[in-house]
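**Student:** Heads up: the sequence lines are chains R and B, in that order.
Heads up: the first sequence runs through residues -7 to 350, numbered per my numbering.
Heads up: the second sequence runs through residues 37 to 153, numbered per my numbering.
Misleading hints may appear alongside valid ones.
[Stated by the list, open to error] Pairwise CB distance ranges (calculated): (1) R/Leu197 <-> B/Lys75: 33 to 39 Å; (2) R/Gly269 <-> B/Asn63: 44 to 50 Å; (3) B/Glu131 <-> R/Asp19: 33 to 39 Å; (4) R/Ile156 <-> B/Gly102: 58 to 64 Å; (5) R/Asp75 <-> B/Ala153: 27 to 33 Å; (6) R/Tyr49 <-> B/Lys88: 20 to 26 Å; (7) B/Asn63 <-> R/Pro(-2): 36 to 42 Å; (8) R/Asp127 <-> B/Lys56: 53 to 59 Å; (9) R/Lys37 <-> B/Asp64: 32 to 38 Å; (10) R/Pro(-2) <-> B/Lys138: 18 to 24 Å; (11) B/Glu131 <-> R/Gly269: 53 to 59 Å; (12) B/Gly102 <-> R/Lys13: 30 to 36 Å; (13) B/Thr144 <-> R/Asp75: 40 to 46 Å.
[As the list claims (entries may be wrong)] Pairs of lysine-lysine residues, derived as BS3-like cross-links and limited to a Cα-Cα distance of at most 25 Å, are as follows: (14) B/Lys100 <-> R/Lys37; (15) R/Lys169 <-> R/Lys120; (16) R/Lys175 <-> R/Lys237; (17) B/Lys104 <-> B/Lys75; (18) R/Lys330 <-> R/Lys184; (19) B/Lys149 <-> B/Lys106; (20) B/Lys104 <-> R/Lys232; (21) R/Lys171 <-> R/Lys232; (22) R/Lys237 <-> B/Lys62; (23) B/Lys149 <-> B/Lys75; (24) R/Lys37 <-> B/Lys104; (25) R/Lys171 <-> R/Lys257; (26) B/Lys138 <-> B/Lys93; (27) B/Lys91 <-> R/Lys195; (28) R/Lys232 <-> R/Lys195; (29) R/Lys330 <-> R/Lys185; (30) R/Lys301 <-> B/Lys75; (31) B/Lys104 <-> R/Lys195; (32) R/Lys175 <-> R/Lys185; (33) B/Lys88 <-> R/Lys237; (34) B/Lys93 <-> R/Lys301; (35) R/Lys265 <-> R/Lys276; (36) B/Lys149 <-> R/Lys42; (37) R/Lys237 <-> B/Lys91; (38) B/Lys88 <-> R/Lys13; (39) B/Lys138 <-> R/Lys232; (40) R/Lys153 <-> R/Lys185.
Hints listed in this document are in silico derivations from the structure and should not be mistaken for laboratory results.
Ideal Cβ positions, reconstructed from N, Cα and C, are used throughout, including at glycine.
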Amino acid sequence: MTTVIPFGPQHPVLPEPVSLKLEIDNDVVVGVLPSLGYVHRGLEKFIDTKDYNQTMYICERICGICSGIHGITYSRAVEKLFDVEVPERAQYLRVINSELCRIHSHLLWLGLFADGFGFESLFYECWKYREDVLDLLERFTGNRVIHSMSKVGGASRDLTKEQIDQILKTLDDLEPKVKNIEKVFVNNYTVKKRLVGLGVMSKQLAYEAGTAGPTLRGSGNAIDVRNTADWDIYRDLGFKPAVAKEGDCYGRTKVRIDEIYESIKLVRNAISKLPNGEIETRVKGFPTGEAVMRAEQPRGEVVYYVKGKGTKNLERLKVRTPTFANIPSLLLMLPGVKLADVPIVVLTIDPCISCTER
Amino acid sequence: MLDNVIQNVTDIKSMPEVLKTVEGLKNDGYRYVTMICLKANEGHELIYIFEKDDKLKHLRYFVKPGEKPKSVSGIYLCALLIENEYQDLFGLTFEGLAIDYKGHLYLTPNSPKTPLA
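Bound-form chain B, shown alone:
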């Protein structure tokens, strides 16, 4: 049994480095696929997934408790929906979102709050 079958993962330590790397990937012709959010050690883990020539590339970043990650929707507009989804479901706050639904992409004021947090 494999411990980890995600190939081609780069761990990134700081948010500015995430933005710089994502910008570099766009310039290199990578397509934004999606982002995964997981609960991890009181904080959250974000896995950004990109694709080029049918190969996937993953960036992993740990969001510390209370930290507000920067949105990459200024680089890839299409990231805005998934970032808004994680604001709803995990209670994260992404700074600089191209369109910010303020935690109400899916959830109404009466919905359960941050159901996946």
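Extracted from the complex, chain R is given alone in its bound form:
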């Protein structure tokens, strides 16, 4: 006989409200029904009252963790409509902003994850290191989470020589700290016991389920939007996607740790190649036509669709966020998992519900 147990919307491991109705048979999950709607704000409707420049600030507020990449992706989608070339320096500044966002997001997740399996001191360590990156972002954008670094046509802020030195110094200090926490996540006996073989998705299943980001790459799929033609700049910076073959909670954790190192490398390379020059191309007129733009957020691929009709407002903005793509994978990963392990599996998709519901 099965029992239905609600998981969430308020749960110690969930930073945001989402509910899963778990059908349990003898302590094992046999069915899952996700339930959303706790933080739906109607932001895609809200833009009816904003012009296309103001909409950038709405997009940044979809999420407090990947706000910078939301702003950048929206800007790039609208720039496609205008067919404008953004100055090279602005493109590099966007990469630096994006990768610093990814580092702090992954450190946030690692902390939450450690907390999820009861490793409090590891949680403190991860969040302590994350603060260094947030301090850096605050110094160079003025804010911890909403950076407004990007604008349609380029970047809204430049980096000074002192700020660049601060970034490099912080990353030099951060790298050995990440190596220390990596040892625990990857090698600790107890942690491995909790993660290895749990919430397994095969390479094929993860691909067919439409998953994104570390959830997709943790199952052996080397798919990362930074590796596509839309983001040539990443290829110039020597980007390589982080992939793990395990397909379980352990694999998804390793991908995120490897991505921190990759992001540190990308920021260093972007700084070393940072060209001089303008940071903005003036954009005039109103957007017409439709465009799709993708980017790789910390949680995976985000898709922006914009449609302009020659007025100051966009006719339609649609955002498909990575958690939206990853939630259906819980229907595949959770059956067969013990009730006590459900929080661990749910956390490994790094659920961001503000993004999902917008």
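Position chain B against the provided structure of chain R, taking the given hints into account.
**Tutor:** Structure of chain B alone, referenced to chain R:
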């Protein structure tokens, strides 16, 4: 300025053809990305987006007023959330949804009805 910068769009005329094409794309190894819904000529326009080898492919289908489009969640399970979202926000009804939230994925009984319609 470009009129339309979406590349690789296929216009599809009938719902059975949509299902057949989507099934063909799955067999060809395409990944389901998302679907866009727009208001168009009293009806709605659906743009299905797929990806393979880092290239996007788009299918465009016009939903006539009153028409109930078929769900593709039987082919790609992950389509169920976006189809339910459009039931909430645009008032569309997708037939054959793998999980049907009946217009209450996001919205409660007291919420504004079909806010994007």
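**Student:** Now tell me if each hint is right for this structure.
**Tutor:** A quick look at each hint next to the structure:
1. Between leucine 197 of chain R and lysine 75 of chain B the Cβ separation comes to about 36 Å, which falls inside the hinted range of 33 to 39 Å.
2. Checked against the given bound of 44 to 50 Å, the beta carbons of glycine 269 of chain R and asparagine 63 of chain B, roughly 48 Å apart, stay inside it.
3. For glutamate 131 of chain B paired with aspartate 19 of chain R, a C-beta distance near 37 Å keeps the hint of 33 to 39 Å intact.
4. Between isoleucine 156 of chain R and glycine 102 of chain B the beta carbon distance is about 60 Å. The supplied range of 58 to 64 Å therefore holds.
5. Roughly 32 Å separates the CB atoms of aspartate 75 of chain R and alanine 153 of chain B, a value that falls within the hinted 27 to 33 Å.
6. Distance hint check for tyrosine 49 of chain R and lysine 88 of chain B: the Cβ-Cβ separation is about 34 Å, which falls outside the suggested range of 20 to 26 Å.
7. Evaluation of the 36 to 42 Å hint for asparagine 63 of chain B and proline -2 of chain R yields a pass: the beta carbon distance comes to about 38 Å.
8. Checked against the hint of 53 to 59 Å, the pair aspartate 127 of chain R and lysine 56 of chain B passes, with Cβ atoms roughly 55 Å apart.
9. Roughly 36 Å separates the CB atoms of lysine 37 of chain R and aspartate 64 of chain B, a value that falls within the hinted 32 to 38 Å.
10. A hinted range of 18 to 24 Å for the beta carbons of proline -2 of chain R and lysine 138 of chain B is consistent with their spacing of about 19 Å.
11. In this structure the supplied range 53 to 59 Å holds for glutamate 131 of chain B paired with glycine 269 of chain R, their Cβ-Cβ distance being about 55 Å.
12. A hinted range of 30 to 36 Å for the beta carbons of glycine 102 of chain B and lysine 13 of chain R is consistent with their spacing of about 33 Å.
13. Distance hint check: the CB atoms of threonine 144 of chain B and aspartate 75 of chain R are about 42 Å apart, consistent with the given range 40 to 46 Å.
14. With a CA separation close to 23 Å, the supplied pair lysine 100 of chain B and lysine 37 of chain R stays within the 25 Å bound.
15. Taking the CA atoms of lysine 169 of chain R and lysine 120 of chain R, the gap is about 10 Å. The hint holds against a cut of 25 Å.
16. Between lysine 175 of chain R and lysine 237 of chain R, the direct Cα distance comes to roughly 19 Å. Compliance with the 25 Å bound is thereby established for this hinted pair.
17. The hinted pair formed by lysine 104 of chain B and lysine 75 of chain B meets the criterion: a straight-line CA distance of about 15 Å does not exceed 25 Å.
18. In summary, the hint linking lysine 330 of chain R to lysine 184 of chain R is supported, as the alpha carbons are separated by about 16 Å, within the 25 Å threshold.
19. Distance restraint check for lysine 149 of chain B and lysine 106 of chain B: the Cα-Cα separation of roughly 22 Å lies within the 25 Å cut-off, and the hinted pair is therefore satisfied.
20. A threshold of 25 Å between alpha carbons decides the hint, and for lysine 104 of chain B with lysine 232 of chain R the separation of about 44 Å lies outside it, so the pair is violated.
21. Between lysine 171 of chain R and lysine 232 of chain R the alpha-carbon distance is near 19 Å, which keeps this suggested pair within the 25 Å criterion.
22. Distance hint between lysine 237 of chain R and lysine 62 of chain B is fulfilled; the C-alpha atoms sit about 23 Å from each other, no more than 25 Å.
23. Of the pairs offered as hints, the one joining lysine 149 of chain B and lysine 75 of chain B holds, with about 16 Å between alpha carbons and a cut-off of 25 Å not exceeded.
24. With a C-alpha separation of about 23 Å, the suggested pairing of lysine 37 of chain R with lysine 104 of chain B holds against the 25 Å cut-off.
25. Distance hint between lysine 171 of chain R and lysine 257 of chain R is fulfilled; the C-alpha atoms sit about 14 Å from each other, no more than 25 Å.
26. Only pairs whose Cα atoms come within 25 Å are accepted, and lysine 138 of chain B paired with lysine 93 of chain B is rejected, the gap being roughly 29 Å.
27. With a CA separation close to 19 Å, the supplied pair lysine 91 of chain B and lysine 195 of chain R stays within the 25 Å bound.
28. At roughly 19 Å between alpha-carbon atoms, lysine 232 of chain R and lysine 195 of chain R fall within 25 Å of each other, so this suggested pair holds.
29. For a cut-off of 25 Å, the pair hint linking lysine 330 of chain R to lysine 185 of chain R stands: about 14 Å separates their Cα positions.
30. A C-alpha spacing of about 13 Å is found between lysine 301 of chain R and lysine 75 of chain B, which places the hinted pair at or below 25 Å, so the restraint holds.
31. In summary, the hint linking lysine 104 of chain B to lysine 195 of chain R is not supported, as the alpha carbons are separated by about 34 Å, beyond the 25 Å threshold.
32. Restraint check for lysine 175 of chain R and lysine 185 of chain R: the C-alpha separation of about 15 Å stays at or below 25 Å, so the hint holds.
33. At roughly 20 Å between alpha-carbon atoms, lysine 88 of chain B and lysine 237 of chain R fall within 25 Å of each other, so this suggested pair holds.
34. Among the hinted pairs, lysine 93 of chain B with lysine 301 of chain R is consistent with the structure: their alpha-carbon atoms are about 23 Å apart, no more than 25 Å.
35. Distance restraint check for lysine 265 of chain R and lysine 276 of chain R: the Cα-Cα separation of roughly 30 Å exceeds the 25 Å cut-off, and the hinted pair is therefore not satisfied.
36. Restraint check for lysine 149 of chain B and lysine 42 of chain R: the C-alpha separation of about 22 Å stays at or below 25 Å, so the hint holds.
37. Restraint check for lysine 237 of chain R and lysine 91 of chain B: satisfied, since their Cα atoms lie roughly 23 Å apart, inside the 25 Å limit.
38. Simply put, lysine 88 of chain B and lysine 13 of chain R have alpha-carbon atoms about 33 Å apart, too far for the 25 Å limit, and the pair is violated.
39. Simply put, lysine 138 of chain B and lysine 232 of chain R have alpha-carbon atoms about 43 Å apart, too far for the 25 Å limit, and the pair is violated.
40. A C-alpha spacing of about 46 Å is found between lysine 153 of chain R and lysine 185 of chain R, which places the hinted pair above 25 Å, so the restraint is violated.
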